[in-house]
Amino acid sequence: MTPIEWAIVGLALLGAFFGAVAAIGIVRMPDIYTRAHAASKSDTLGAVLTIAAVALALESGLSTAKAAFLVIFMFLTNPTAAHAIARAAEDQGIEPWTREDDS
Amino acid sequence: MVEFATALLAIAAAFVLFAVVALYRVFAGPTIHDRVIAVNVAGTNTVIAIALVAAAFDESVFLDVALVYALLNFLLSIAFSKFNVEHGGVL
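Chains A and B supply the protein sequences, listed in that same order. Residues 1 to 103 (the working numbering) make up the first sequence, in order. Residues 1 to 91 (the working numbering) make up the second sequence, in order.
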């Protein structure tokens, strides 16, 4: 593999790491707010890193532009969606988890 | 020595695995919001997997599919959270 291909695979592996962090957070965190935190931040970073790798991998200018649009779109919409869901949960009166709930 | 396209496909497979792991939360709940956020994560991972497959096969058409899928994923979360709040003011 050429150096640019190593860079692409490295970026994608870094994105896969953050995707794993998001998946573990979704399963292991105690309540909706902490899960939204794990989902919005880690998954957005993983998506941006991986799609940046895709943008590097695709040769033609148009597909690189499409991948760049996908990055911008992910960066805008993913935290917005998580914010809307967390706000809807707050509106329905779901209490945040505290340390006392666990004991 | 692994081939370049094979490495990208393996990473796409890892993202599909993470989406399946997030589906556990869709099954377990306990509130509707947990389920919606887990579906959102699964959808995001699907978009990433589609983009990686596009890079592995050098098919830029798949990127259009990924863009539309990302749009639908966002719309689903916003629609669900608006539907769940009576006055609709979640944003």
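It is worth saying that the hints were derived from the structure and are not from the lab. Remember, predicted model here, so these are calculated numbers, not experimental data. Check before you lean on any hint, since a few could be wrong.
[To be verified] Taking CB as the label site, the calculated pair distances span:
no., chain 1, residue 1, chain 2, residue 2, range
1, B, A79, A, G10, 30 to 38 Å
2, B, T6, A, T34, 30 to 38 Å
3, B, T31, A, P3, 26 to 34 Å
4, B, L17, A, P30, 44 to 52 Å
5, A, A65, B, T6, 22 to 30 Å
6, A, T98, B, V68, 18 to 26 Å
7, B, F83, A, L62, 19 to 27 Å
8, B, A13, A, H37, 20 to 28 Å
9, B, Y24, A, A68, 16 to 24 Å
10, A, W97, B, A79, 38 to 46 Å
11, A, D91, B, V68, 28 to 36 Å
12, B, V85, A, E5, 13 to 21 Å
13, A, E95, B, L17, 43 to 51 Å
14, B, L76, A, Q92, 14 to 22 Å
The beta-carbon is built from N, C-alpha and C at its ideal position, and this holds for glycine as well.
Now for the hints, and whether the structure bears them out:
| no. | hint | in the structure |
| --- | --- | --- |
| 1 | B:A79 / A:G10: 30 to 38 Å | holds, 37 Å |
| 2 | B:T6 / A:T34: 30 to 38 Å | holds, 36 Å |
| 3 | B:T31 / A:P3: 26 to 34 Å | violated, 48 Å |
| 4 | B:L17 / A:P30: 44 to 52 Å | violated, 23 Å |
| 5 | A:A65 / B:T6: 22 to 30 Å | holds, 27 Å |
| 6 | A:T98 / B:V68: 18 to 26 Å | violated, 41 Å |
| 7 | B:F83 / A:L62: 19 to 27 Å | violated, 37 Å |
| 8 | B:A13 / A:H37: 20 to 28 Å | holds, 27 Å |
| 9 | B:Y24 / A:A68: 16 to 24 Å | violated, 33 Å |
| 10 | A:W97 / B:A79: 38 to 46 Å | violated, 27 Å |
| 11 | A:D91 / B:V68: 28 to 36 Å | holds, 30 Å |
| 12 | B:V85 / A:E5: 13 to 21 Å | violated, 47 Å |
| 13 | A:E95 / B:L17: 43 to 51 Å | violated, 33 Å |
| 14 | B:L76 / A:Q92: 14 to 22 Å | holds, 18 Å |
In summary, the structure is inconsistent with hints 3, 4, 6, 7, 9, 10, 12 and 13 from the numbered list given earlier, while agreeing with the others.
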